[in-house]
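Trainee: Order-wise, the sequence lines are chains A and B. When we follow the numbering used here, the leftmost residue of the first sequence carries the number 647, and every step to the right adds one. When we follow the numbering used here, the leftmost residue of the second sequence carries the number 3, and every step to the right adds one.
Treat the hints with care, since some could be wrong.
[Claimed, not checked] Here are the simulated BS3-like pairs of lysine-lysine, each with C-alpha atoms no more than 30 Å apart in a straight line:
id : chain 1 : residue 1 : chain 2 : residue 2
1  : B       : K76       : A       : K692
2  : A       : K718      : A       : K755
3  : B       : K306      : A       : K718
4  : A       : K692      : B       : K80
5  : A       : K718      : B       : K75
6  : A       : K755      : A       : K683
7  : A       : K718      : A       : K692
8  : A       : K692      : B       : K306
9  : A       : K755      : A       : K779
10 : A       : K718      : B       : K176
In short, the hints are calculated from the structure, not lab data.
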Amino acid sequence: MTNTTTWARVKSPWVLHFNSGACNGCDIEIVALLTPKYDVERFGVKLEPSPRHADVLLVTGCVTQQCAERLKRIYDQMPQPKFVVAIGACACSGGVFDGNYNVVGGVDKVIPVTAYIPGCPPRPEAILDGVVKLLNALNPPKQKKQKQLEPPKETKPVVSEPEVIVPSQEAKPVIEETKTNVKQ
Amino acid sequence: MIDFTLIFRILVFPGFTFILLLTLFCDWVERKIEARIQNRVGPLVAGPAGILQPLADLIKLLTKEDIEPRDAKKTVFKIAPILAFAFMVFALCFVPIDGASVLSTTGFNGDLIVILTFSTIASFLLFLSGWASCNPYGTISSARVLTQFLGYDIPLFLFALTPAFIAGTLSIFKIASIQTIPFIILAPWAFVLFIITMQAELEKDPFDVPDAESELVGGLETEFTGAKLAFLHLTRDVQIVFGSALVVELFLGGPYGPVFFGLPAFWYTLWFVLKLLAVVVLTEYITTLFARLRIDQVLSANWKIVLPASILSLMLTVALVTWVYPLVVL
């Protein structure tokens, strides 16, 4: 039963996109995922309009003072189990805007983040890779316990290796080449 | 004495399980066609060629947290989606799938009206579910559902009466089994108009104003999560199967076709599914090719064009049945 549930969750991630103050660079890359070239529907990913329907929240941009409260509210509206992916350098850490008077910082200052995808902006392959790896992390390795399934409750970054993204030079979605590691 | 054949028929073969699997399969076919027309691949990873994608979506939604908004009218909010799904499946139980309907009877005179009424009730329950969620977007979408299906129900009934007039009965089983020549040949205008009206009734493009994503976020589903959302999605998909099944029964000769060897039930089911898929492909093709109309355009098209056309179609049918068909075919 649990295996079936996990399988269903991995195969059907519905995403919601939230711009918490991005420059539109990362947003365009997210929208590029829906185009025929990348077609995330292959993996069952659907861009959902309402946070009530979503499993994965894709946040782009540093969190501004005004957006922090809204971001928290959107996150609270999503049903469990839910995951947050911070997309782009600004969402990961605040980027070049970190320390500004109107900026709170990275997304993890406000809500728990499950995966970080650095880049300015990250390539669509990298975003796709991040989401798929995040969901495959749900699949428990054979010997481990089911506890792994739960998304993190606390504001504790799960991944913090925002240094290496080596996107493939061809604009072809090759999943293995990016190096966003997702650890529990 | 429990009749195990009847229980099997209701729960497994032409009944619940078969209808559910057929619904999920049609959903996959639709998504694939839509993707291919848009030059995409569509679902690919879940199962061979992504055929298990609708099942994965369903299981995932069923196992997600179920949130009830504070302002929602709790009872209606909980019951309406499930009840709508139940009514649609119940309506499909009257449709002959393997040569007989699910209850292994040949129905009764007038069951065509009954199943059309069930589908209206299901649409009304969809309206109620959106209304009870007390979300501004859900409420607007519900109001649109109501205006649209109340308007398009009348022409749909009248177009469904065309085959009934030609067959001389209101029993859907008799209408299907009487068609030695499919009614699509005898009344092609009614077939075309029935498909168009059905698009409006099922809220598909170009008539999908109730869930216009650019205006209404998630439409009436906006506040729904988990199992309730799953049932709303299922209701929509079963409605599509039901509408297509209705076209098959009324215009394409129902499940009846040549039986080559073995069980007739097997061949009847095969013909039914093939004809159903043909209709699903046709409607999905229309859906993907057309852009959305505005709500005022949808309504004026309804009252100014489709409704008069349906009355004219009925008059034409009566004239043909009285004077022409007896000389030519019947």
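Trainee: The structure should be examined with respect to each hint, and the outcome stated for every one.
Mentor: Hint-by-hint comparison with the structure:
Between B:K76 and A:K692, the direct Cα distance comes to roughly 28 Å. Compliance with the 30 Å bound is thereby established for this hinted pair. The straight-line distance between the Cα atoms of A:K718 and A:K755 is roughly 10 Å, inside the 30 Å bound, and the hint therefore holds. This hinted pair does not check out: B:K306 and A:K718 have alpha carbons roughly 49 Å apart, beyond 30 Å. With a C-alpha separation of about 25 Å, the suggested pair A:K692 and B:K80 falls inside the 30 Å cut-off, and the hint holds.
At roughly 25 Å between alpha-carbon atoms, A:K718 and B:K75 fall within 30 Å of each other, so this suggested pair holds. In summary, the hint linking A:K755 to A:K683 is not supported, as the alpha carbons are separated by about 34 Å, beyond the 30 Å threshold. Distance restraint check for A:K718 and A:K692: the Cα-Cα separation of roughly 22 Å lies within the 30 Å cut-off, and the hinted pair is therefore satisfied. At roughly 37 Å between alpha-carbon atoms, A:K692 and B:K306 are farther apart than 30 Å, so this suggested pair is violated.
Of the pairs offered as hints, the one joining A:K755 and A:K779 holds, with about 23 Å between alpha carbons and a cut-off of 30 Å not exceeded. For the suggested pair A:K718 and B:K176, the alpha carbons sit about 59 Å apart, so the restraint of at most 30 Å is broken.
The structure does not agree with the numbered hints 3, 6, 8, 10 stated previously, though it agrees with the rest.
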